[in-house]
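2 protein chains.
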Amino acid sequence: MFGDIKFVCVGGSPNRMRAFAQFMHRELGLAGDGEELADICAGTDRYAMYRVGPVLSISHGMGIPSISIMLHELIKLLHHARCRDVTIIRIGTSGGLGVEAGSVVITDTALDSSFKPRFEQAVLGEVVVRSTELDKDLAQELLACSKEIPDFPTLIGHTMCTYDFYEGQGRLDGALCSFSSEKKLEYLRRAYDAGVRNIEMESTAFAALCGLCGLRAAVVCVTLLDRLEGDQIRAPRALLGEFQRRPQRLIAAFIRKRLGVQPQTPLPTP
Amino acid sequence: MFGDIKFVCVGGSPNRMRAFAQFMHRELGLAGDGEELADICAGTDRYAMYRVGPVLSISHGMGIPSISIMLHELIKLLHHARCRDVTIIRIGTSGGLGVEAGSVVITDTALDSSFKPRFEQAVLGEVVVRSTELDKDLAQELLACSKEIPDFPTLIGHTMCTYDFYEGQGRLDGALCSFSSEKKLEYLRRAYDAGVRNIEMESTAFAALCGLCGLRAAVVCVTLLDRLEGDQIRAPRALLGEFQRRPQRLIAAFIRKRLGVQPQTPLPTP
Numbered sequence: 001m002f003g004d005i006k007f008v009c010v011g012g013s014p015n016r017m018r019a020f021a022q023f024m025h026r027e028l029g030l031a032g033d034g035e036e037l038a039d040i041c042a043g044t045d046r047y048a049m050y051r052v053g054p055v056l057s058i059s060h061g062m063g064i065p066s067i068s069i070m071l072h073e074l075i076k077l078l079h080h081a082r083c084r085d086v087t088i089i090r091i092g093t094s095g096g097l098g099v100e101a102g103s104v105v106i107t108d109t110a111l112d113s114s115f116k117p118r119f120e121q122a123v124l125g126e127v128v129v130r131s132t133e134l135d136k137d138l139a140q141e142l143l144a145c146s147k148e149i150p151d152f153p154t155l156i157g158h159t160m161c162t163y164d165f166y167e168g169q170g171r172l173d174g175a176l177c178s179f180s181s182e183k184k185l186e187y188l189r190r191a192y193d194a195g196v197r198n199i200e201m202e203s204t205a206f207a208a209l210c211g212l213c214g215l216r217a218a219v220v221c222v223t224l225l226d227r228l229e230g231d232q233i234r235a236p237r238a239l240l241g242e243f244q245r246r247p248q249r250l251i252a253a254f255i256r257k258r259l260g261v262q263p264q265t266p267l268p269t270p
Numbered sequence: 001m002f003g004d005i006k007f008v009c010v011g012g013s014p015n016r017m018r019a020f021a022q023f024m025h026r027e028l029g030l031a032g033d034g035e036e037l038a039d040i041c042a043g044t045d046r047y048a049m050y051r052v053g054p055v056l057s058i059s060h061g062m063g064i065p066s067i068s069i070m071l072h073e074l075i076k077l078l079h080h081a082r083c084r085d086v087t088i089i090r091i092g093t094s095g096g097l098g099v100e101a102g103s104v105v106i107t108d109t110a111l112d113s114s115f116k117p118r119f120e121q122a123v124l125g126e127v128v129v130r131s132t133e134l135d136k137d138l139a140q141e142l143l144a145c146s147k148e149i150p151d152f153p154t155l156i157g158h159t160m161c162t163y164d165f166y167e168g169q170g171r172l173d174g175a176l177c178s179f180s181s182e183k184k185l186e187y188l189r190r191a192y193d194a195g196v197r198n199i200e201m202e203s204t205a206f207a208a209l210c211g212l213c214g215l216r217a218a219v220v221c222v223t224l225l226d227r228l229e230g231d232q233i234r235a236p237r238a239l240l241g242e243f244q245r246r247p248q249r250l251i252a253a254f255i256r257k258r259l260g261v262q263p264q265t266p267l268p269t270p
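Just so you know, the protein sequences line up as chains A and B, in that order. If you read the first sequence in the UniProt record's numbering, its first letter stands for residue 1, the second for the next number, and so on. If you read the second sequence in the UniProt record's numbering, its first letter stands for residue 1, the second for the next number, and so on.
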């Protein structure tokens, strides 16, 4: 059933990964309108999975533990189905650092909250350190694709990955906050100086596990705000929706190009 | 809208927390059959939340980062609604250690993967260590409730909390495994000797955050298998469903007792 899968796209939200599958269905010019795509994981409410031609679209929930369980199960599935030359891409949202809201960041290396390019995995109570570098050629290929889409701010940079959204990312608006606005900005500026251009919650584990298992992997996240300017998203709802579709549009363009498929419909404009 | 909330029950799966809300609705003898309960978080697919009288039932997804985001937002909500004397209970599933499958473990202290009673939170890139003790009186009150339910194996013990399900819990059946069956069993036996009776993925962060914010908190998880005997769940599907309802039955009995409500229907038997 899965032997001819060539692309796996993963993202946090089940609704967004369903929307991506439907968008991919139209972009590949497949029969029907894609509204009837069935969730292959419908028996569980842990993840959602859709198949569109050679593309799987899967949700992974929020954070490293949640994506890690999904990746173990996905990699076993790809192995048993004898899939070859699979490219896996995480598409998501993130907080930006020193870049305009709506920018798409293609990650070259994922960093932990100390700005180190590593993922620490506890194995039988001992910490094992793993590399979090992503595929450089794939990142360049995605950047080249982005240049063909008009008005599509895209850059390659480091992505910081944290274990939570509030204290771990220096937010002042959680239930707890033990630091000042000055300390927060000092930390975020140090992150910027270390090359971090966006912050999310899955990239280190994703890069480490895909790398160890020999999958070519990329992380493509849009920034919803510039954290150097605040903690609250200020973009209007419609613009935010357009921002969230940007990683989907870039990946659709990339997959079409790889498969030699012409665009089926005009690209949506902002 | 939320000022009179006295109990918050949280668990990983949206479907299970919906089922718990419907069960609680019947147990409290409220009007209607509870089938029409609306998801208060229906605008997002991150979490599901249901309200039943003074009880909130909320899903938190899988793992520490996911539950941590939900708890920050919940605690802000309870604060703004001026709720007082709130008891919060995580109900879930877990792997057992040296206890019969189907046993319900009430956590006294959550331990990390080195068997230490601590939660390490990164704050602005520095690690802050937090206590993971839970409310001892509440644990005893829950244990007393369990004794009034026939055929209901329940114990108080330590719960180990890990950042992933496969390597972090010493499973041999993930996509990656770098250790032998002997090393795995040696690790799990050391955990047992340290007082661990079950393993899950949220309790340290839950205990730490609730403790710091002054919420009386408990963790009540059923064990689906004994990890000293294997990695695969062997209980038949129907029995597994009955196991998963055990924490719900115990918490319903506890809340009824606190509220002075008589059972509305006979308790389901296994």
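Don't take every hint at face value.
Copies of the same chain are indistinguishable here, so a pair counts whether it falls within one copy or spans any two.
Unchecked claim - Quick list of in silico lysine-lysine cross-link-like pairs, DSS-like style, CA-CA up to 25 Å:
(1) Lys183 x Lys76
(2) Lys116 x Lys6
(3) Lys6 x Lys147
(4) Lys257 x Lys76
(5) Lys184 x Lys116
(6) Lys184 x Lys257
(7) Lys76 x Lys147
(8) Lys76 x Lys6
(9) Lys6 x Lys184
(10) Lys6 x Lys183
(11) Lys76 x Lys116
(12) Lys184 x Lys76
(13) Lys184 x Lys147
(14) Lys257 x Lys116
(15) Lys257 x Lys6
(16) Lys257 x Lys183
(17) Lys184 x Lys136
(18) Lys183 x Lys136
(19) Lys116 x Lys183
(20) Lys147 x Lys116
By construction, these hints were calculated from the structure, which means they are not laboratory data. Keep in mind that this is a model prediction, so the values were computed, not measured.
Status of each hint after checking the structure:
1. Lys183 x Lys76: between (43 Å within a copy, 22 Å between copies)
2. Lys116 x Lys6: So Lys116 and Lys6 fail the 25 Å test inside a copy (31 Å) and across (43 Å) alike.
3. Lys6 x Lys147: within (24 Å within a copy, 55 Å between copies)
4. Lys257 x Lys76: Neither, since 28 Å and 47 Å both go past 25 Å.
5. Lys184 x Lys116: within (19 Å within a copy, 29 Å between copies)
6. Lys184 x Lys257: For Lys184 and Lys257, neither the intra-copy (42 Å) nor the inter-copy (46 Å) Cα distance is at most 25 Å.
7. Lys76 x Lys147: Neither, since 35 Å and 42 Å both go past 25 Å.
8. Lys76 x Lys6: Result: close within a single copy only, 15 Å intra versus 44 Å inter.
9. Lys6 x Lys184: Cα proximity of Lys6 and Lys184: none, with 42 Å in one copy and 35 Å across.
10. Lys6 x Lys183: The answer is neither: 45 Å in one copy and 36 Å across copies each exceed 25 Å.
11. Lys76 x Lys116: Neither: 29 Å inside a copy, 32 Å across copies.
12. Lys184 x Lys76: This pair counts as between: shortest inter-copy Cα distance 20 Å, intra-copy 41 Å.
13. Lys184 x Lys147: Neither: 34 Å inside a copy, 50 Å across copies.
14. Lys257 x Lys116: neither (34 Å within a copy, 51 Å between copies)
15. Lys257 x Lys6: Intra 13 Å, inter 56 Å, cutoff 25 Å: intra-copy only.
16. Lys257 x Lys183: neither (45 Å within a copy, 47 Å between copies)
17. Lys184 x Lys136: neither (31 Å within a copy, 36 Å between copies)
18. Lys183 x Lys136: For Lys183 and Lys136, the Cα distance exceeds 25 Å both inside one copy (34 Å) and across copies (36 Å).
19. Lys116 x Lys183: The answer is within: 20 Å in one copy meets 25 Å, while 30 Å across copies does not.
20. Lys147 x Lys116: neither (30 Å within a copy, 51 Å between copies)
Violated hints, listed in ascending order, are 2, 4, 6, 7, 9, 10, 11, 13, 14, 16, 17, 18 and 20; each of the other numbered hints is respected by the structure.
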